[in-house]
Each structure stands twice: as structure tokens, then as C-alpha cells.
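Trainee: Read off the chains here:
Number of protein chains: 2
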Amino acid sequence: MTKIGCSVEEIDTPALLIDLDVMERNIETMAERFRGMPSDLRPHVKTHKTPIIAHKQIEAGAIGVTCAKLGEAEVMAEAGIRSLLIANQIVGEPKVTRLMGLARHSDVIVAVEDSVNVRHLAEKAREKGVKLGVLIEVDVGNNRTGTLPGEPSLELAREVQKYSSLNLKGVMGYEGFCQFIPDMATKRVKTTEAMNKLVSSAHLLEGQGIEVEIVSGGGTGTHMITGNHPGVTEVEAGSYVVMDARYSTLEGLEDFGKALTVLSTVMSTSHEGKVICDAGLKTLTFEFGNPPIKGRPEMSYQRPNEEHGHIDVESGASVKLGEKIEIIPIHCCTNTNLYDAFHCIRDGHLEAIWRIQGRGRSQ
Amino acid sequence: MTKIGCSVEEIDTPALLIDLDVMERNIETMAERFRGMPSDLRPHVKTHKTPIIAHKQIEAGAIGVTCAKLGEAEVMAEAGIRSLLIANQIVGEPKVTRLMGLARHSDVIVAVEDSVNVRHLAEKAREKGVKLGVLIEVDVGNNRTGTLPGEPSLELAREVQKYSSLNLKGVMGYEGFCQFIPDMATKRVKTTEAMNKLVSSAHLLEGQGIEVEIVSGGGTGTHMITGNHPGVTEVEAGSYVVMDARYSTLEGLEDFGKALTVLSTVMSTSHEGKVICDAGLKTLTFEFGNPPIKGRPEMSYQRPNEEHGHIDVESGASVKLGEKIEIIPIHCCTNTNLYDAFHCIRDGHLEAIWRIQGRGRSQ
Chain A
1 MTKIGCSVEE IDTPALLIDL DVMERNIETM AERFRGMPSD LRPHVKTHKT PIIAHKQIEA
61 GAIGVTCAKL GEAEVMAEAG IRSLLIANQI VGEPKVTRLM GLARHSDVIV AVEDSVNVRH
121 LAEKAREKGV KLGVLIEVDV GNNRTGTLPG EPSLELAREV QKYSSLNLKG VMGYEGFCQF
181 IPDMATKRVK TTEAMNKLVS SAHLLEGQGI EVEIVSGGGT GTHMITGNHP GVTEVEAGSY
241 VVMDARYSTL EGLEDFGKAL TVLSTVMSTS HEGKVICDAG LKTLTFEFGN PPIKGRPEMS
301 YQRPNEEHGH IDVESGASVK LGEKIEIIPI HCCTNTNLYD AFHCIRDGHL EAIWRIQGRG
361 RSQ
Chain U
364 MTKIGCSVEE IDTPALLIDL DVMERNIETM AERFRGMPSD LRPHVKTHKT PIIAHKQIEA
424 GAIGVTCAKL GEAEVMAEAG IRSLLIANQI VGEPKVTRLM GLARHSDVIV AVEDSVNVRH
484 LAEKAREKGV KLGVLIEVDV GNNRTGTLPG EPSLELAREV QKYSSLNLKG VMGYEGFCQF
544 IPDMATKRVK TTEAMNKLVS SAHLLEGQGI EVEIVSGGGT GTHMITGNHP GVTEVEAGSY
604 VVMDARYSTL EGLEDFGKAL TVLSTVMSTS HEGKVICDAG LKTLTFEFGN PPIKGRPEMS
664 YQRPNEEHGH IDVESGASVK LGEKIEIIPI HCCTNTNLYD AFHCIRDGHL EAIWRIQGRG
724 RSQ
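Residue numbers (our numbering), protein chains in the order written: chain A, 1 to 363; chain U, 364 to 726.
Chain A on its own, in the form it takes in the complex:
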């Protein structure tokens, strides 16, 4: 039914749309910003999980990709992308074995925070005859994963150095807690503090004669600070590529457009003052609140059921049964993970359908 070349109106719903012009501008805008910053961009693909978008980011200047999961990295490697950072711990026998398979076909780097895990990785790498890149993950205040900055990071780096099957590439630290600080001055102070912890850990290693090639951190919300922080070599921003309703409220991201929407149909108009659309908990995500509706200030998404959305409509406004609306995701990364494909729009028409090859690849 949904044919390449058809108009947006003809696409069945719920469907996940990308406005290609907006996405391409976002890629170019971020690439341009990084041409003017000391660090490089290694975009996080957890946002789109789609190789063709990753390739576009690399063509624009990115040095490789960042992945959250081994499964995502495998998808990217299959699509010919060689330089992969898995910004996460790889724990457990099945994944460690798979990782070595991946390492044969790509330049993969993983994060480590634990000496037992380091030994596991090292022994498997030796057994499989591969050399595995690792970064010491430093907890820069995110209170999730990572060693403490300073001495504990140095200690773990020395552990890594014991194994000839591991290649210590440097350090990483994610200042996730800074991404959504609304005030830019406060964000700058907090992000700088966090990155100081990371860079000082890098310096500590270097002072001991340990080469530190990579110092990785940052996200879309902090890239303008982290990317300029002396000593940081690469930034892991991901969401900028399509944005979402939450990121779009942030200072410093005004140049990035909202490329992602969920096309939905008004499927019930039997109530006064509200309509029901066909996008709910299985086709939108809500962890950061209700998503807005594009270009329809008279409509307000109030609450989801599994397959329905309750939308209040201002009195006097007319919304018809069967009408299509575009809902702007409140969190692009989780919203993408609900769909098998992007419907790619240019000038109001369907230009392509891209499979979201990494959807559900959470192992």
C-alpha cells in the first residue's frame, strides 16, 4: 500500500517518519561545528540504529560510530563500518565470545571498569587470536558505571597493560547528568568539572608513561562544551541527528531541526473536545512526558493507552475522522526502537524506507 513516491498522506499509520532535508542539515550542522572544535565526532548510533544514517555521518566527517550494545555494533560492522566504540561493559561468556568475532572484522573498542572482566576479555582475545581495543571507563559523576577518577583508573589501566591481547586506547567518561541542565552557564560549570575528572585521569596515565590516544565523552546536550574541552579527543553525541521534543527545548541546540515524527491517524471523534489517535504505548514513548503534535497547537496529547492516544482539542477547532497528524517523539532513541523502519520523507513524499536494522538488538 505504502509505495515509494506516495505522499505522506497516503502512508499507513502508525509510521515513523524522518524528514530527510532536516536530518541532512543536522548532520552537516554538527559536522561543521566539529570542524571548528579540537575534538572529533563519533556519533552514537543508538538513536537511529540504522547503517545508512551512520554512513552519512561518517561521510560528513565522523571518525566512526559509538554503540550502546554489541548487537548494534554487529549491525554496523555488517554494513561495512570498521571503527566502532562500544561505550559499555561487555560482560558474560556469550557476549565476550561474540565480541572477539566482531573484532576480527572491525576495529572495535570496548569500555572496561572491572579487573575480572578485563581478564575475561584478555583471555578470550588471546584464545581467539585478536587484539582488542579498550578504554578505561571513568565515572565522571554519572553514578552508573566506571571506575573512580584518578588512582583507581590508573590501577585498572595497569591491569589492562598486563595483557598483550588488549590494546589500551585511553579513557571515556559520560557526563549524562549534564545533558539536560537547562541553564547554559550551570551546564558549562558542571560539564567542565566532569571533563576535568576525565582529562586529569588521562594525564595521570600519561604521567606514568601510558599512551592515551582517546579521551571520549559528551552527548548532544553538552557537545559544545565537551567538544571544546582541552584534552577531549572525541564526542559521542547521537540525538542531534533527528532530535526530539525534549532536546529541542535546550539552549545551544537551536540550529538542529526536529526530523523525527510519528504519523498517526485520528480514529475516533465521538467525544466533544477530544479525539483518539492510533498511536499509544506501543508506538510512542513517554518517559519524559507527553509528546507534542507538529503544527497543531489546538491539539494536546493527554495520555496513552496501549494502541490509542487521547488528544484534547480546543473548542471550536475541527479535527476529522481519518485525519493524519504528526507527533514529535519526546525521546528519539527509545521511540526509534519500537519501529522496524523509517519512512523517509522529502518534499512531502516518501523517498525511501530504511529498515532499522539495530531495532531490538539489545544483547
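A couple of the hints might just be wrong.
[Said to hold, decoys possible] Across the chosen pairs, the derived CB separations fall in these ranges:
| # | chain 1 | residue 1 | chain 2 | residue 2 | range |
| --- | --- | --- | --- | --- | --- |
| 1 | U | G464 | A | E351 | 26 to 32 Å |
| 2 | U | S678 | A | K128 | 36 to 42 Å |
| 3 | U | T549 | A | F288 | 32 to 38 Å |
| 4 | A | S318 | U | F540 | 26 to 32 Å |
| 5 | U | F651 | A | G322 | 29 to 35 Å |
| 6 | U | G464 | A | R355 | 20 to 26 Å |
| 7 | U | R388 | A | E287 | 32 to 38 Å |
No lab work stands behind these hints, which were simulated from the structure alone. Even glycine gets a Cβ: it sits at the ideal position worked out from N, Cα and C.
Start from chain A and add chain U according to the hints.
Mentor: Only chain U this time, still in chain A's reference frame:
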């Protein structure tokens, strides 16, 4: 890596597990309850989206299945299930056309609430040479979709009767707002009120000489009331088959076991008093709160990130890196929709992997 016959411990994570013994008992328990009630069971497959489970429910006595979406119904029809109720409005040209294709291969019934939609369905059915079953959807207080009870329902029924391509089968009304009323006495009052609206609408139609074969309502939380309500002919309960942490708190559902869990790995133990597991927003759902951890009272899931879960651990308790835990979904239906497959467990070992064929089929 994950081979049939392996132990639960060997399954890679995150993975969605079904305890088969528990699920089979749930199917039998509900079938037994309906043998003692005047109405039939037509289980809602939005919970599992998986044909083999639907077939087991039918083998145990269910008269067919209920679906939320056309796509789910197509999956069930492909697997040989003929009797399909889509308890939802089918709106828009692409879906109405698909629906008629489905109607050629199954006995499909859809809900209607709007005369324009009724005409659309009727004309397409005539054009395609099929006879489509419809139920008048009555709003019994759920305030989502449906005509008002009484006269408006009768009016729409008369609209339906104008078209020889439509087969008016009866009425349906979902008392969703009653499902989670904690106190059974209050639930009984509210559910009975709602079902009175539905059954009195059916009687109004019958009084006008309109045959009413089906009066459909109910869910897992109200089946013991709705299933016994005079005049109700079938009940749409779905979640009972695997249950979840929220349903399990309800009075009257003590006989149903929690069959569904998410197997997750402890991937970081670098903090005092907490650990990080590998199941977050992309592998668990949180609309009704944080999910509990099976058999581990010392662990408490505090908050998710995209691919991480922050779990508090009681002081003195020992949790090891790489340890596997089972998390009980707080909402089975949305949680299932995140996974491509169920890993089916019996006696601690993997007996089968069932593809969740309806996952993501929200169109």
C-alpha cells in the same frame, strides 16, 4: 550461543522468558473458570502476539481470539486461526482494503462507532465481494471510543443494517477503567454498571427485532464479574496468560502465576549499595512503575536508563558481576512488544524459542 536444552543461566541477556508450566496452568485455570460461567472466552492476543500461544488458548476452549490491530489479526490468520475479533475501529483506505483481504480467509469481526466509517467498510466489502462482521462499540464509561449506550447505539445498528455487505453480529464495550480497581466490592459495582449499559443496549436492539449474537466485554481484571453478567456472551481477557507485577496485586487473580520475566545480567558492581543491570528503557516498560526482581527481596529496581537499570542492594547482601536476575514486567503487553522472541523455559531449561510474530504490528 543460546541452544535449545541449555540452562536458564546460559541464555544471553536481556531476554524475555516464559515459564511454560506457569503459562499452561494459567490457560487451564482460565478455561476451567469459563466452563463454569455463562459466557465464553475470546482471549486478547495483544498480550503475547504469538500464534502458538493463541492456539493453546483455543485448544483449551477459547472460541477464537481478540486483536487490537489489523496487523495482529493478519498474523493470527496466517497461523490458521479463523475466528478473529478486532476490538477496534479500522479507519483509512489502506487498512480497510487490507481488512477485506483478511475477511476472505477468516471470520473477522470489527468494531464500529461512526456512520461514515460504516459506509466506508460496507462499500469496500461490497466491492471486494466479502461479508464483514461488525459489532457496535458502546462506550460503557471508558471514555475512549464507542457510541453512547441506548439510542445512539441503536441508530448506528440501523445504519449497519442498511448494507447487505455487513453482518451485524452484536455489541461490544470495554470497561477498561474497572480493571485495576483494587477493592473487589467496588469493582463489582462499577463493572456491573458498565455491563448493564452494554446489555441494555443489546436488549434495545433486540426489542427492535435486531438479532444480537455477540455481547463482548471484559478483561483479566474483571472477567469474574463480566463473564457472569447476564447477557454477556464473550470476554476479551488477555493478560491472565502470563500476568505481570501489576495484575498480580489484584484480588481474584491469585490463581494465576507470573509466567513472564526479563532475564538480565548484573553488568556493573562498582558502587557501594547498588548494581547496574543490562535491562533498561529499551527492554522493559515502566508506565505503571518500576518492575520487581523475582526472588531477590534484597534488590530493588530504582530507575532505568536506555540500556541500564539502577538496582539498589540491601547492605550486607552480595551480588556478583555477571550474575543473572529475573525481572518481572510491570505491564506484560507493552513489555512483550519490545522483543522478537520468547525464550520458553521448563524445569530451568530452554525448551523452545517462539517468535513474537505480532511484535511491532501496530498498523
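Trainee: Taking the hints in turn, state whether each one holds.
Mentor: Hint-by-hint comparison with the structure:
Between U:G464 and A:E351, the C-beta spacing of about 27 Å keeps the proposed range 26 to 32 Å intact. The beta-carbon spacing between U:S678 and A:K128, approximately 40 Å, falls within the hinted interval of 36 to 42 Å. Roughly 34 Å separates the CB atoms of U:T549 and A:F288, a value that falls within the hinted 32 to 38 Å. Checking the proposed 26 to 32 Å range against A:S318 and U:F540 shows it holds: the Cβ atoms sit about 28 Å from each other.
The supplied range of 29 to 35 Å is met by U:F651 and A:G322, whose beta-carbon atoms lie about 32 Å from each other. Taken as a hint, the range 20 to 26 Å holds for the pair U:G464 and A:R355, whose Cβ atoms sit roughly 24 Å apart. A C-beta distance of roughly 34 Å is found between U:R388 and A:E287, which places it inside the suggested range of 32 to 38 Å.
The earlier numbered hints are all upheld by this structure, with none contradicted.
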